[in-house]
Amino acid sequence: PPEIAALRYEEEITRLFAPEPPAFDLILLGMGGDGHRASLFPDSPAIDERVRLVVANQVPQLKAMRITFTLPLINRARAVAFLAIDKSKAEPVRQALEAKSIADRIPATLVAPVAGELHWFLTREAAARLRHKASN
Numbered sequence: 001p002p003e004i005a006a007l008r009y010e011e012e013i014t015r016l017f018a019p020e021p022p023a024f025d026l027i028l029l030g031m032g033g034d035g036h037r038a039s040l041f042p043d044s045p046a047i048d049e050r051v052r053l054v055v056a057n058q059v060p061q062l063k064a065m066r067i068t069f070t071l072p073l074i075n076r077a078r079a080v081a082f083l084a085i086d087k088s089k090a091e092p093v094r095q096a097l098e099a100k101s102i103a104d105r106i107p108a109t110l111v112a113p114v115a116g117e118l119h120w121f122l123t124r125e126a127a128a129r130l131r132h133k134a135s136n
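Residue numbers (the working numbering): 1 to 136.
Check each hint, because a few of them may be wrong.
As the list claims (entries may be wrong) - Label pairs and their in silico Cβ distance ranges:
1. Pro-1 / Glu-98: 21 to 29 Å
2. Lys-63 / Val-114: 29 to 37 Å
3. Ala-99 / Ile-4: 32 to 40 Å
4. Pro-19 / Asp-86: 39 to 47 Å
5. Lys-87 / Ala-18: 38 to 46 Å
6. Arg-131 / Lys-63: 19 to 27 Å
7. Arg-131 / Ile-4: 25 to 33 Å
8. Asp-34 / Pro-2: 20 to 28 Å
9. His-132 / Ala-5: 41 to 49 Å
Stated by the list, open to error - Under the rule of at most 16 Å between Cα atoms (straight-line distance), these lysine to aspartate or glutamate pairs were calculated in the EDC-like manner:
10. Lys-63 / Asp-43
11. Lys-87 / Glu-125
12. Lys-87 / Glu-49
Calculated directly from the structure, the hints in this document are not laboratory data.
Beta carbons: idealized from backbone N, C-alpha and C, even for Gly.
Make the full structure from the sequences, and use the hints.
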């Protein structure tokens, strides 16, 4: 079952990093058209998880169960990088980088490494709706 698989995955990650708390050097994430990253979708239960590192997450939009890293594990990484490469990501990229209020935030905005760095790698198409355009 997914819940047992998630628990075993978490135990293995914890064992590999012991005695320190797990902190990956790099976590590379994509982003869905709805702003999800990893398998942390808007309004899914795992988005609010604050203790577990890996969980089985019911995703209502997909009518599926997925195993995912949680924010506590993602945000412990030394570096987190997002990769967005096509025009379907332009609006969620804009929302993630230019959100003005909590109500405007999408799951990707919850990624904030505690002691690490956050990087965005975007194609021109994915960055098309940003107000401040980067140069070559």
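Hints versus structure:
Between Pro-1 and Glu-98 the beta carbons are some 40 Å apart, a value that contradicts the proposed interval 21 to 29 Å. Checked against the given bound of 29 to 37 Å, the beta carbons of Lys-63 and Val-114, roughly 34 Å apart, stay inside it. At about 36 Å, the beta-carbon gap between Ala-99 and Ile-4 stays in the expected band of 32 to 40 Å. In this structure the hint that Pro-19 and Asp-86 lie 39 to 47 Å apart at CB holds, the actual value being about 42 Å.
With their beta carbons about 44 Å apart, Lys-87 and Ala-18 fall inside the hinted range of 38 to 46 Å. A beta carbon spacing of about 36 Å between Arg-131 and Lys-63 contradicts the range 19 to 27 Å that was offered as a hint. At about 46 Å, the beta-carbon gap between Arg-131 and Ile-4 misses the expected band of 25 to 33 Å. Remark: the range hint 20 to 28 Å for Asp-34 to Pro-2 is upheld by a beta-carbon distance near 21 Å.
The given range of 41 to 49 Å is respected by His-132 and Ala-5, whose C-beta atoms sit roughly 42 Å from each other. Our distance criterion of 16 Å between C-alpha atoms is met by Lys-63 and Asp-43, whose separation comes to about 13 Å. The straight-line distance between the Cα atoms of Lys-87 and Glu-125 is roughly 5 Å, inside the 16 Å bound, and the hint therefore holds. With a CA separation close to 31 Å, the supplied pair Lys-87 and Glu-49 exceeds the 16 Å bound.
Hint check: violations occur at hints 1, 6, 7 and 12; the rest are consistent with the structure.
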